[in-house]
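Trainee: Sequence:
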Amino acid sequence: MMMNFETVVRHYWPKALRNIKEDPKELERDQEAIKAVTDRQLPISKRRDDLRKWLWFYRVLQGFTTPEQFKTAEAVLGWADDDRNRSRDLTTAEALAAAHAELMKVVCQAYGKRRDFTSLASKALWLCYPESVPMLDGWTRNALYVISKIENGINPIAEKTPEYEQFVHVWKQLYSKYKETIENLDIGTYPYRVRVFDRILWLIGRPSYQTDWT
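Sequential numbering from 1 applies to the sequence shown in our numbering.
Note that these hints are calculated values from the structure, not bench results.
Bear in mind that the values here come from a model prediction, so they are computed numbers and not experimental data.
Where a beta carbon is used, it is the ideal one built from N, C-alpha and C, also for glycine.
Be careful, since some hints might not be right.
[Said to hold, decoys possible] Ranges of calculated distance between the beta carbons of each label pair, as one might list FRET restraints:
{"id": "1", "residue 1": "I44", "residue 2": "T7", "range": "45 to 51 Å"}
{"id": "2", "residue 1": "K113", "residue 2": "K177", "range": "38 to 44 Å"}
{"id": "3", "residue 1": "R114", "residue 2": "T189", "range": "39 to 45 Å"}
{"id": "4", "residue 1": "T38", "residue 2": "R193", "range": "15 to 21 Å"}
{"id": "5", "residue 1": "S45", "residue 2": "I150", "range": "46 to 52 Å"}
{"id": "6", "residue 1": "E68", "residue 2": "A98", "range": "23 to 29 Å"}
{"id": "7", "residue 1": "R114", "residue 2": "I157", "range": "22 to 28 Å"}
{"id": "8", "residue 1": "K177", "residue 2": "D49", "range": "36 to 42 Å"}
{"id": "9", "residue 1": "K21", "residue 2": "A95", "range": "26 to 32 Å"}
{"id": "10", "residue 1": "E32", "residue 2": "D186", "range": "23 to 29 Å"}
{"id": "11", "residue 1": "I157", "residue 2": "Q109", "range": "22 to 28 Å"}
{"id": "12", "residue 1": "K21", "residue 2": "N142", "range": "21 to 27 Å"}
Using the sequences and the hints, build the whole thing.
Mentor: Structure representation (structure tokens):
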């Protein structure tokens with residue numbers, strides 16, 4: 001079976017943009033968090049607080065004590081402040097997966113207990129490279145994997161590989177296949193095409209998908 005995913009992208013693109021802009025403070029929060037991660041001139045306390053609040057907003061700090069939240073934010077900042085991690089080329093799935101694995105290891109070590117940091121690390125990595133990194137969450141992942149099974153030309157990856165590596169391997173193929181379409185669609189003043197594409201997958205993956213095609 002083959003589907004016309006280009007039609008899906010074109011249909012959902014304006015819907016995804018509207019969804020992002022429904023909360024007028026979303027872009028402001030994102031920009032504050034990106035600045036917290038990338039601007040080493042800011043006081044470390046402000047960087048840590050802004051990052052912690054952003055991670056909390058995106059629901060990846062559930063169950064953390066306040067000290068654990070601070071440790072996690074500080075670990076992300078420590079990784080981001082390493083000069084080797086400030087100008088990496090993350091244009092390939094392999095590079096994305098490697099950077100994610102490194103960041104997740106740093107966060108796990110700071111937290112000190114076993115926990116799945118896959119989603120948290122993908123979101124923190126997006127703050128470091130907002131024009132390149134896809135965020136992993138449950139609905140986006142589910143949509144992507146269903147699409148990959150019915151979209152022609154998407155090659156799978158071994159199931160034993162880490163979850164984000166599997167995710168980004170498929171995501172990158174799909175994004176690259178429709179890159180020309182994505183880059184020619186109107187984005188208005190919103191700066192991150194990768195994020196709009198992620199939001200399309202998120203909308204498709206929602207349980208209410210059957211009511212969305214309007």
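Trainee: Each of the hints needs a verdict: does it hold here or not?
Mentor: Here is what the structure says about each hint:
no. : hint                     : result
1   : I44 to T7: 45 to 51 Å    : 48 Å, holds
2   : K113 to K177: 38 to 44 Å : 40 Å, holds
3   : R114 to T189: 39 to 45 Å : 42 Å, holds
4   : T38 to R193: 15 to 21 Å  : 19 Å, holds
5   : S45 to I150: 46 to 52 Å  : 49 Å, holds
6   : E68 to A98: 23 to 29 Å   : 26 Å, holds
7   : R114 to I157: 22 to 28 Å : 25 Å, holds
8   : K177 to D49: 36 to 42 Å  : 40 Å, holds
9   : K21 to A95: 26 to 32 Å   : 30 Å, holds
10  : E32 to D186: 23 to 29 Å  : 26 Å, holds
11  : I157 to Q109: 22 to 28 Å : 26 Å, holds
12  : K21 to N142: 21 to 27 Å  : 24 Å, holds
In summary, this structure violates none of the numbered hints.
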